[in-house]
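Between the sequences and the hints, there should be enough to build the whole structure, so can you do that?
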Amino acid sequence: MAITVRVPTQLRTLTGGREEVSADGATVGAVIDAIEAAHPGLKDRLLDAKGIRRFINLYLNDEDVRFLDGLGTAVKEGDSLTVVPAIAGG
Amino acid sequence: MERWAAVVGVGGLGCPAAEVLAPAGVPLRLIDDDVVERSNLHRQTLFAEGDVGVAKVEAARRALRSRFGVAAEAVRTHLVPENAVDLLAGASVIVEGTDTLAVKFLASDVARTLGIPVVHGACVGWHGTVLPVLPGRSACYRCVFEDLPDDEMTNCAIAGVYGPLTSVLGALMAADALRLREGDDATAGHLARYDGWSQSFRSTALARRRGCPCTP
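Residue numbers (the working numbering), protein chains in the order written: chain A, 14 to 103; chain B, 1328 to 1543.
What the hints contain is simulated information worked out from the structure, not anything from laboratory work. Glycine included, C-beta positions come from ideal geometry on N, C-alpha and C. One thing to keep in mind: the hints can contain errors.
Selected chain B positions facing chain A (in silico; Cβ < 10 Å) [as the list claims (entries may be wrong)]:
no., residue
1, Leu-1340
2, Gly-1424
3, Trp-1453
If you want the footprint, here are the derived chain A segments under chain B, 3+ residues with CB under 8 Å [to be verified]:
no., stretch
4, 46-58
5, 65-76
Pulled from the structure, derived: some chain B residues nowhere near chain A, Cβ distances all over 12 Å [what the hints assert, rightly or not]:
no., residue
6, Trp-1331
7, Arg-1356
8, Ser-1419
9, Arg-1439
10, Thr-1440
11, Arg-1464
12, Asp-1512
Given below as structure tokens:
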């Protein structure tokens, strides 16, 4: 099933400038694997050896996946996964 | 000053926030160590061409006096661990819009320690976030972002900032600050995310994170 992944400005160099990419997967982790296959380097910016990087938030629709099942959170057709990194600037 | 607000970072977010708070009758302490640069003028709305080279806090103090007839306190310094408690103690609310992640964590930690509401704001490229926090009652900055990043992916110098975005987010920060200092917790712990490219706005209520220093 395909879901939409919303990519923040800082990571769009890895998606050819695209704000949204589509990816298949049954879980958040599988979706990230899929976008890594299409856009190498993205996974490393989101995850480290312990899981989701501490300064990255992943929202499935409007829910923080940390408060769901983390990378094992199930996704369904039409969902959107939004990447929100800690940012500074103004 | 009675029920004053600390504006930490008088830049793209701090300027429009101050422009809302000052005429609303909120006494301000402006904290920043930078000087106005010409490249700031498209988004740092308290400054004009003649302010280039002047300390931001001083130029902002003058602008607030001339535009609104209010006297703000200008403190030219970076917020660092050595001065943060002294500079922020007694504030009714902290408005933090700096371009340094370490200062965001510092402001969050001091706000939690002193029990002061704080509004964090940030903008990079076309994207901005606002997080109002009521210490002990809502998710804090460390609940959302546990610690400093270990690389430069979040450096705003990479992507720049779309000028009008900062006024949108700065006004939103001021709106949240006005609510928080009155004890209104309706938006506390909600991470607002605004995308200026698509003009989409999302606000997500966040739970306090187990293991965060703010959580018993």
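Could you check that no beta carbon of chain A comes within 12 Å of the beta carbon of B/Arg-1439? B/Arg-1439 is indeed farther than 12 Å from all Cβ atoms of chain A, at 17 Å.
Check the non-interface label on B/Arg-1464: least C-beta distance to chain A beyond 12 Å or not. For B/Arg-1464, whose nearest Cβ neighbour in chain A is about 18 Å away, the distance exceeds 12 Å, so it holds.
Taking 8 Å as the Cβ threshold, is the statement that the stretch 46-58 of chain A is covered by chain B upheld or broken by the three-residue rule? Per the Cβ count (1), the hint is violated.
Is the Cβ of B/Arg-1356 farther than 12 Å from every Cβ of chain A? At about 18 Å from chain A, B/Arg-1356 clears the 12 Å cut-off, so the statement holds.
Beyond 12 Å from every Cβ of chain A: is that where the Cβ of B/Asp-1512 lies? 19 Å, holds
Verdict on B/Thr-1440 as a residue remote from chain A, using beta-carbon distances over 12 Å: The claim holds: B/Thr-1440 sits with its nearest Cβ about 21 Å from chain A, beyond 12 Å.
Given B/Trp-1453 as an interface hint, is the shortest Cβ-Cβ distance to chain A below 10 Å? 6 Å, holds
Interface exclusion of B/Ser-1419 relative to chain A, criterion Cβ beyond 12 Å: Given that every Cβ of chain A is farther than 12 Å from that of B/Ser-1419, nearest at about 22 Å, it holds.
Does B/Gly-1424 pass the interface hint, meaning its C-beta sits closer than 10 Å to a C-beta of chain A? 5 Å, holds
Can B/Leu-1340 be said to touch chain A, with a Cβ gap under 10 Å? 4 Å, holds
Distance rule for B/Trp-1331, whose beta carbon must clear each one in chain A by more than 12 Å: For B/Trp-1331, whose nearest Cβ neighbour in chain A is about 21 Å away, the distance exceeds 12 Å, so it holds.
Examine the stretch 65-76 of chain A: at least three residues should have C-beta closer than 8 Å to a C-beta of chain B. The restraint on the stretch 65-76 of chain A holds, since 7 of its residues have a Cβ under 8 Å from chain B and three suffice.
In this structure, only the earlier hint numbered 4 is contradicted, and the remaining ones agree with it.
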